[in-house]
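One line per chain: the protein sequences are F and S, in this order.
So the first sequence is numbered by this note's numbering: it starts at 3 and just counts up by one.
So the second sequence is numbered by this note's numbering: it starts at 3 and just counts up by one.
Treat the hints as calculated values from the structure; they're not laboratory data.
Don't take each hint at face value.
Listed next, with one range per pair, are the computed distances between beta-carbon atoms [what the hints assert, rightly or not]:
1) S:Gly136 / F:Gly136: 28 to 34 Å
2) S:Leu40 / F:Gly299: 58 to 64 Å
3) S:Asp49 / F:Gly299: 28 to 34 Å
Chain F stretches covered by chain S per the calculated footprint, using a threshold of three residues with CB under 8 Å from any CB of chain S [claimed, not checked]:
4) 152-161
5) 256-270
Not everything, but these chain F residues come out facing chain S in the computed CB check (under 7 Å) [unchecked claim]:
6) Ala86
7) Thr87
8) Val91
9) Asp139
10) Asp176
11) Phe177
12) Asn186
13) Val228
14) Pro296
15) Ser297
16) Asn298
Just so it is clear, the structure is predicted and the values come from calculations on it, not from any experiment.
The beta-carbon is built from N, C-alpha and C at its ideal position, and this holds for glycine as well.
So the chains spell out like this:
2 protein chains.
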Amino acid sequence: MVAGVPEDCVIGVDLGGTKLLAGLVNPELRVLERTYRLAPPSNDPEDLLQLVVDEVRELTHSGIVAPSDVVGVGVGIPSLIDQATGVAVSTVHQPFDGVPVRDELQDRLQLPVALDNDGNCAMLAEWRAGAARGCDDAVLMTVGTGIGSGVVAGGTLIRGSTGAATELGHMVVDFDGPLCPCTNRGCLEALASGTALGREGARLAGQRPGSALARLAGAGEVITGVTVTEQAQLGDRAAREALERVGTLLGVGIANAMNIFNPEVVLIGGGVSAAGEMLLGPARTEARRRARPPSNGVRVEAATFGADAGMVGAAVLALDLLRDGTPAWQG
Amino acid sequence: MVAGVPEDCVIGVDLGGTKLLAGLVNPELRVLERTYRLAPPSNDPEDLLQLVVDEVRELTHSGIVAPSDVVGVGVGIPSLIDQATGVAVSTVHQPFDGVPVRDELQDRLQLPVALDNDGNCAMLAEWRAGAARGCDDAVLMTVGTGIGSGVVAGGTLIRGSTGAATELGHMVVDFDGPLCPCTNRGCLEALASGTALGREGARLAGQRPGSALARLAGAGEVITGVTVTEQAQLGDRAAREALERVGTLLGVGIANAMNIFNPEVVLIGGGVSAAGEMLLGPARTEARRRARPPSNGVRVEAATFGADAGMVGAAVLALDLLRDGTPAWQG
Numbered sequence: 003m004v005a006g007v008p009e010d011c012v013i014g015v016d017l018g019g020t021k022l023l024a025g026l027v028n029p030e031l032r033v034l035e036r037t038y039r040l041a042p043p044s045n046d047p048e049d050l051l052q053l054v055v056d057e058v059r060e061l062t063h064s065g066i067v068a069p070s071d072v073v074g075v076g077v078g079i080p081s082l083i084d085q086a087t088g089v090a091v092s093t094v095h096q097p098f099d100g101v102p103v104r105d106e107l108q109d110r111l112q113l114p115v116a117l118d119n120d121g122n123c124a125m126l127a128e129w130r131a132g133a134a135r136g137c138d139d140a141v142l143m144t145v146g147t148g149i150g151s152g153v154v155a156g157g158t159l160i161r162g163s164t165g166a167a168t169e170l171g172h173m174v175v176d177f178d179g180p181l182c183p184c185t186n187r188g189c190l191e192a193l194a195s196g197t198a199l200g201r202e203g204a205r206l207a208g209q210r211p212g213s214a215l216a217r218l219a220g221a222g223e224v225i226t227g228v229t230v231t232e233q234a235q236l237g238d239r240a241a242r243e244a245l246e247r248v249g250t251l252l253g254v255g256i257a258n259a260m261n262i263f264n265p266e267v268v269l270i271g272g273g274v275s276a277a278g279e280m281l282l283g284p285a286r287t288e289a290r291r292r293a294r295p296p297s298n299g300v301r302v303e304a305a306t307f308g309a310d311a312g313m314v315g316a317a318v319l320a321l322d323l324l325r326d327g328t329p330a331w332q333g
Numbered sequence: 003m004v005a006g007v008p009e010d011c012v013i014g015v016d017l018g019g020t021k022l023l024a025g026l027v028n029p030e031l032r033v034l035e036r037t038y039r040l041a042p043p044s045n046d047p048e049d050l051l052q053l054v055v056d057e058v059r060e061l062t063h064s065g066i067v068a069p070s071d072v073v074g075v076g077v078g079i080p081s082l083i084d085q086a087t088g089v090a091v092s093t094v095h096q097p098f099d100g101v102p103v104r105d106e107l108q109d110r111l112q113l114p115v116a117l118d119n120d121g122n123c124a125m126l127a128e129w130r131a132g133a134a135r136g137c138d139d140a141v142l143m144t145v146g147t148g149i150g151s152g153v154v155a156g157g158t159l160i161r162g163s164t165g166a167a168t169e170l171g172h173m174v175v176d177f178d179g180p181l182c183p184c185t186n187r188g189c190l191e192a193l194a195s196g197t198a199l200g201r202e203g204a205r206l207a208g209q210r211p212g213s214a215l216a217r218l219a220g221a222g223e224v225i226t227g228v229t230v231t232e233q234a235q236l237g238d239r240a241a242r243e244a245l246e247r248v249g250t251l252l253g254v255g256i257a258n259a260m261n262i263f264n265p266e267v268v269l270i271g272g273g274v275s276a277a278g279e280m281l282l283g284p285a286r287t288e289a290r291r292r293a294r295p296p297s298n299g300v301r302v303e304a305a306t307f308g309a310d311a312g313m314v315g316a317a318v319l320a321l322d323l324l325r326d327g328t329p330a331w332q333g
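Same shape as in the complex, but just chain F (with noise of 0.2 Å):
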């Protein structure tokens, strides 16, 4: 043990449609280190799986704790999970049905792994330690890729009958609308997600010559969604109106959860975030004006861990597991 850290150690994974974040965390959540990396687009499960593999590696041998301070691993992948038996039953982002994630990773890295959907881990953080401590009732929804969500309600993180509740993504809000890569139509993240930002901003920099996306598509650079919310901050016009247009979508959303949920609070995280009011604020809006009362007075607020939420949940889940129960690899 390296002085003055707290031992055991473990590493939360939040693998998202096309990132990696990892980050080796505290008993008391405190995140020592991370990495963060690009996930390349593939087909094959075997390189996200080793993806995985490499950055908890990484992390493992960085220094900060020794090696063997690194007692569990959590996993948070935007799939229906099977908790059952670790098996990823249904994704959209990734080529994991069928696969049993939980058990191919605790056989490579010979650690207790766990493993729950990305929107659970992210609801999960903001439970234990963030905006959503103490509340009995709560909605997250994580604004990445895709949009993950989780939901506490009557103080019990809602699972379904097989694992596979809370898909707020994947509400319709518009039944004519745009294909969702779920193959339903006018999903929430057909047109409020980190994609569909991108969506946006790229149509805008065709209609505002004068903008930094139109320079930046001009030079051949693809739009995306981190693209336009860089050049929001940088006060781009154009990347505001869509971030604009976005979170009043968003908003549509928040405003069916309210009605669902009647939480005390609707808290949104993932990569998008980091726009902040830029997006909340539409959001929020548009999302009074659609809830009834007296729902449509519950806040709408960023996630307390942010970008980080689901890494930080899914090193709650590690935590929670080495704690409270008896992890497959061992039996």
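Position chain S relative to chain F; hints supplied.
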């Protein structure tokens, strides 16, 4: 006590947007007698309270049981209720906003009164003694003048932070869609309620001169959801088409409920559910097409208590109150 009939009966009242259904119910949830009245369109809550009082008195004195054997009343209304005070907080179809409905009825009836949202009542009936019996995760929608709903998740009826949860009827499924009575746009209720069915029937009556709907409209009859359902049962193709259209839109909302709650079953009750498979068939097909696996495999069924679900559930409320609670009127 009348021979052969259990004593200690209650009266369940389902006061909908356009009708009142009341039933004398025994502790085994058998409906011994019932009354049905159209609710007068009125902006005066007094009219509706008096209607409830009249029907409760009629059932109490119907001779099925001794009046003294009626020991409590349960009432379901399409309103968000503050359970601490028994006040209706937000009501779309009735002039009850801010009215202390529970206490007003207790004073007039001199009986303990339990009050809840009509969707919660219906879910309670199905959960306790109907198609959701034994389920830890179940969704019910009642399709009538509006769309009510109740949800059991993780073994608990979801109520939200202030009792206003699971307003699935006011879930937006068409963000730019038609105005809803709640002032929002494109709510499920605006597209797939009995009111929407009447509107669709009237529209088709204009397009199909040979149809029964057109003949009725031509004779000056107002085409309501009930008209459409009746004519569909008699074989009118225009009426069946209206049900198919509305059922398909209901299916969008059911798909959302599947993705959000991953329940064991989705139940459809309310007046329009009298249309049976003419409504449920297209709803089921659309829901399965849109929901993600594994939730797309969730059963979609008629509520056991059909259009009685809200009334029977209101009786369950009263029985629970008498068994477990201290009604406010005793305080």
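Verification of the hints:
1. S:Gly136 / F:Gly136: 28 to 34 Å: Cβ of S:Gly136 to Cβ of F:Gly136: about 32 Å, so the range 28 to 34 Å holds.
2. S:Leu40 / F:Gly299: 58 to 64 Å: violated (35 Å)
3. S:Asp49 / F:Gly299: 28 to 34 Å: holds (30 Å)
4. 152-161: holds (count 5)
5. 256-270: Holds, because 8 residues of the stretch 256-270 of chain F bring their Cβ atoms closer than 8 Å to Cβ atoms of chain S.
6. Ala86: Violated - the Cβ of F:Ala86 stays beyond 7 Å from chain S, reaching only about 13 Å at its closest.
7. Thr87: violated (13 Å)
8. Val91: holds (6 Å)
9. Asp139: This hint holds: F:Asp139 lies near chain S, its Cβ roughly 4 Å from the closest one there, short of 7 Å.
10. Asp176: holds (5 Å)
11. Phe177: This hint holds: F:Phe177 lies near chain S, its Cβ roughly 5 Å from the closest one there, short of 7 Å.
12. Asn186: holds (5 Å)
13. Val228: violated (26 Å)
14. Pro296: holds (5 Å)
15. Ser297: Cβ of F:Ser297 sits 5 Å from chain S, so the hint holds.
16. Asn298: Hint violated; F:Asn298 Cβ to chain S Cβ min 9 Å, cut 7 Å.
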